[in-house]
Amino acid sequence: MSVHSLNRSAPVSLPAAALQQLRRWAAERPLRIALRHRRLGEWKAWRWIDVLREVERAAAGLREQGFGAGSRLLLCGAYEPSLLVLALAAHELGGELSTLSRLARGDALREQLRRERPAFAYVQRREQVEHWLRAGVEQTLPLRLFSAQALPRKVGAWDVLPLDRVFAGEPLERGRLAWREAARDAVLWCEEGTEWREGLSQLLSRWLEQGEALAFPESNESAARDRRDIAPTALLASAPRLHSLAADIEARLAPAGSWRRRLCDWTLSDARTPPRRWLKARVRRLLGFQRLQRIDAPSADPRAPTQSSWLRPYLERVA
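Each residue of the sequence shown is one higher than the one before, starting from 41 at the first, in our numbering.
Read the hints as simulated data drawn from the structure, not as lab findings.
One should not assume that every hint holds.
What the hints assert, rightly or not - Label-pair ranges, simulated between beta-carbon atoms: (1) Glu-238 - Gln-333: 21 to 31 Å; (2) Arg-300 - Leu-191: 48 to 58 Å; (3) Ala-50 - Gln-179: 17 to 27 Å; (4) Ala-279 - Gly-251: 47 to 57 Å; (5) Ser-298 - Gln-179: 49 to 59 Å; (6) Ser-141 - Thr-180: 20 to 30 Å; (7) Leu-181 - Arg-322: 55 to 65 Å; (8) Trp-299 - Pro-51: 48 to 58 Å; (9) Gln-333 - Glu-104: 37 to 47 Å.
We treat Cβ as the ideally placed atom computed from N, Cα and C, and that holds for glycine.
Work the whole structure out from these sequences, hints included.
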């Protein structure tokens, strides 16, 4: 065992039965939508059978790239279909997973890369690839750095490779999202990234145990708009994301003390009368909460004063 491997972070723990659960849903509900993601302004959908095929393709591609039992794949980016598929493919091959915050820059990024010394990595965005290359890490140890957005190039012993090098075989034709189906299915919404280290195991556990669809925004900037499109039935969020969401809700509502804000607060105090129900429905639709039933926030305190009054009922429901 090398010295630097002793300094690595502990691998991300995935559900032991993750792949069996995926195969179960692919067999029981092959044509039901499992994943939804907005890409380049258009919603894309993956059925359960599509996800299984993509995991198999990714596992074959990673194997061709030299990834195997005991290898470690470092993931950096937003949680979205490609990242989940790669995580499951690495798990299929007996590999380990680790995550690195997509927000890391400069000295913090340099220190994390020196500690992890990855041989395989997936970095979602082109800008983050550039941050990695400029981090000043000694690039003498081989690294295969996959990214959907970056152009292929070689920097020292680092190979920057397009993500399609991982996926062996015929590419999957991803279908457009069928809105009639989207409108009635239960959907778990997540707008997190690898800065939430526990998020990957939390996400895969909830998705694969329950067999409910997952949906992701195109970016943090479009999250509020995309959430209104999907109207999820549940949210999965870390404590920092919940705080950020509360701040976003506060910014979208009328200023505190104004008559419009007092009107919003009035609807929350008792929404049983028709005018209040109508106003509450309008605000919920603005927030993308018109179908929301619960918020899963494993590390958040539902009674914290920082939580928005528009979030607290959904948190208390699962506390």
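Hint check results:
1. The hinted window of 21 to 31 Å between Glu-238 and Gln-333 holds, with their beta carbons roughly 23 Å apart.
2. Distance hint check for Arg-300 and Leu-191: the Cβ-Cβ separation is about 49 Å, which falls inside the suggested range of 48 to 58 Å.
3. Range check, Ala-50 to Gln-179: about 25 Å between beta-carbon atoms, so the 17 to 27 Å window is met.
4. Remark: the range hint 47 to 57 Å for Ala-279 to Gly-251 is contradicted by a beta-carbon distance near 27 Å.
5. At roughly 55 Å, the beta carbons of Ser-298 and Gln-179 sit within the given window of 49 to 59 Å.
6. Taking the beta carbon of each, Ser-141 and Thr-180 are about 24 Å apart, inside 20 to 30 Å as hinted.
7. Distance hint for Leu-181 and Arg-322: a CB-CB separation of about 56 Å, consistent with the stated range 55 to 65 Å.
8. At roughly 54 Å, the beta carbons of Trp-299 and Pro-51 sit within the given window of 48 to 58 Å.
9. At roughly 43 Å, the beta carbons of Gln-333 and Glu-104 sit within the given window of 37 to 47 Å.
In this structure, only the earlier hint numbered 4 is contradicted, and the remaining ones agree with it.
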